[in-house]
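S.K.: The primary structure of each chain is shown beneath.
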Amino acid sequence: MDVIIWSRIQFAMTAAYHWLFVQLTLGLALVMAVMETIWLVKKDEFWKKTAQFWMKLFAINFAVGIATGIILEFEFGTNWSNYSWFVGDMFGAPLAIEGILAFFMEATFFAVMFFGWDKVSPKFHLASTWLTGIGATISAYWILVANGWMQNPVGTTFNPETVRSEMASAAAFWEVITNPVAVSKFFHAVTSGWVTGGIFVVGVSAWYLLHDRQSQFARKSLLIGAIVGLVGSGAVMLSGDSSGVHAAEFQPMKLAAAEGLQDGGNGAAFTIVPGIKVPKMLSILATHDPDGFVPGINDILRGYTDSEGNVVPSVAEKMAMGREALVALSIYRTTDDPSEKAEARYALEENVQYMGYGHLEKPEDVVPPVGVVFWAFRLMIGLGMLIALVLLLSLIAVWKDKLGAWKWLLWAAIICIPLAYICGQAGWIVAEVGRQPWTIQGLLPVNVAISSLSAAAVKTTFFIFLAVFALFLAIEIRIMIRAIRKGPEVEPEKS
Amino acid sequence: MKSIRHTMAAVWHFYRDSFRNMTWGRPLVWLILLKVFILFAILRVFFFKPAMAGLSDEERSRVVGERITGSQPPENPDNTYKF
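Line by line, the protein sequences are chains A and B. Per our numbering, the very first residue in the first sequence carries number 1; after that it's consecutive. Per our numbering, the very first residue in the second sequence carries number 1; after that it's consecutive.
Hints in this document: simulated from the structure, not taken from any laboratory. Take these hints with a grain of salt, some might be off.
[Unchecked claim] If you only want the chain A side, here are some residues facing chain B, beta carbon under 10 Å, derived:
(1) Phe-62
(2) Ala-111
(3) Phe-114
(4) Ile-177
(5) Thr-178
(6) Val-183
(7) Thr-334
(8) Lys-407
(9) Gln-436
(10) Ser-452
(11) Ile-477
Virtual Cβ for every residue (Gly too), placed ideally from N, Cα, C.
Start from the sequences, fold in the hints, and give me the full structure.
M.R.: This is how it looks when you write it as structure tokens:
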């Protein structure tokens with residue numbers, strides 16, 4: 001395998017590992033904040049103890065997950081230096097805001113939340129708990145602004161002098177932070193975290209019920225977890241719908257790959273699994289119109305006319321325009337003749353949106369690995385629906401007082417904890433593998449974004465990370481299981 | 001001035017006393033410190049040197065510009081753009 005593949009695998013592993021902690025942090029923060037709020041409203045010490053237990057698990061997850069995101073920034077500078085320079089202040093600004101504002105907010109209020117139970121007033125403590133969760137959520141927003149820009153690079157202008165994408169004004173910054181792709185990714189990612197937090201609480205509570213321990217604590221925790229998880233599931237579906245529409249608009253190849261759609265058309269069917277289709281459903285999901293046009297892989301390669309009558313050039317045409325952009329950039333950067341420079345700049349600006357296509361060798365290079373994206377998409381949706389069903393049944397079981405009788409449901413809830421993580425990872429595979437070969441959609445393919453490195457160097461750090469990550473994950477799981485086995489200090493244990 | 005100093009002292013005591021009185025959280029703090037050490041003192045120093053460290057902004061523009069314009073495939077026969 002070459003350096004590009006090793007660098008991509010390394011980045012994917014680091015990002016996937018980082019996300020394991022983020023998704024639980026986002027969800028558990030909401031669960032414990034709700035529980036603490038109930039404590040303050042009801043003045044019932046039970047809820048304080050309950051919130052403290054979940055906060056303990058939150059702290060374990062937070063401690064092991066902390067700083068794993070920093071490794072991604074190491075990799076940007078070492079493995080993806082061309083990309084890092086090219087993205088310019090576009091990445092610098094959101095990540096700096098994330099680092100300064102959100103992270104410090106999160107870290108400061110986390111300390112008050114963790115240490116301050118008997119040292120600050122209950123209201124201040126509650127505010128700190130909420131602000132810890134809000135800080136984590138704001139962090140996620142800025143990261144997803146950066147990620148959303150890579151999927152749909154709006155608000156920036158390519159500067160041929162500096163070879164960077166630059167934000168020229170406050171309006172451009174606003175366009176970047178309100179990028180529709182970033183906004184829908186943010187809601188999708190955060191609310192999927194609520195689902196993870198919800199099913200985690202339901203699953204752990206189910207374990208106590210199966211072991212006939214802490215039954216009041218488990219039942220009430222399960223109720224809160226199920227409500228948070230179900231609200232998250234509903235919001236995930238809504239934001240997923242919006243993500244689908246944006247994919248159709250800005251990244252039609254990703255959608256075509258996720259559907260395995262070779263030839264598109266009006267009134268396109270949605271494939272549940274190969275051989276089972278729902279007529280017109282893909283058009284509804286992608287365009288909110290049962291007869292809307294959805295391009296397939298071949299349509300995108302050959303060029304097509306979209307639902308609004310816009311002619312989308314073929315990939316070969318985009319490649320030609322991309323090469324014109326690259327030739328113009330080359331002339332602009334080497335000539336001293338002012339008129340030639342002006343002409344080159346004009347040609348560059350005319351074709352810059354296709355500049356990345358100039359690096360491709362053949363049109364088929366824009367097709368991502370269809371099988372991986374297709375099955376990851378189905379895994380994400382299938383597991384998401386299964387988890388939503390388990391959450392709904394858990395709520396019904398609490399309502400009908402069937403938790404003791406429906407032992408199968410308790411087991412299902414426990415099994416759903418790892419499934420929630422697999423679901424989250426599958427979602428990221430759809431989002432990131434589905435946009436290959438681009439690091440920045442249409443502007444910079446992975447083979448140009450990479451640094452001049454040897455594959456051996458990346459391989460070495462990959463295996464170091466693998467060992468370190470595996471060690472820390474094993475430690476986290478061990479500490480977490482020990483804390484769960486010990487249980488909350490809510491009810492006296494049966495002897 | 002006095003109130004700022006008082007607040008700073010209160011914050012310091014809050015953190016100091018909290019860390020001193022930690023029970024189950026103590027191994028987590030050690031875990032964080034160990035991880036930060038591995039990340040910054042080992043991986044960052046020995047394995048993750050920025051590829052363009054030491055270059056000025058002009059040099060970085062030149063390097064990336066050459067990489068971008070130099071990596072294009074042979075000229076497309078359909079490319080009709082001429083100066």
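S.K.: If a hint holds in the structure, say so; if it does not, say that too.
M.R.: Okay, the hints, checked on the actual structure:
1. Phe-62: 9 Å, holds
2. Ala-111: 7 Å, holds
3. Phe-114: Given a least distance of 7 Å, the restraint on A:Phe-114 holds.
4. Ile-177: Cβ of A:Ile-177 sits 25 Å from chain B, so the hint is violated.
5. Thr-178: 28 Å, violated
6. Val-183: 30 Å, violated
7. Thr-334: Nearest chain B Cβ about 9 Å off; hint holds.
8. Lys-407: 31 Å, violated
9. Gln-436: Not OK, violated: A:Gln-436 not within 10 Å of chain B, min 17 Å.
10. Ser-452: With a minimum Cβ separation of about 7 Å from chain B (threshold 10 Å), the hint on A:Ser-452 holds.
11. Ile-477: With Cβ-Cβ at 13 Å, over 10 Å, it is violated.
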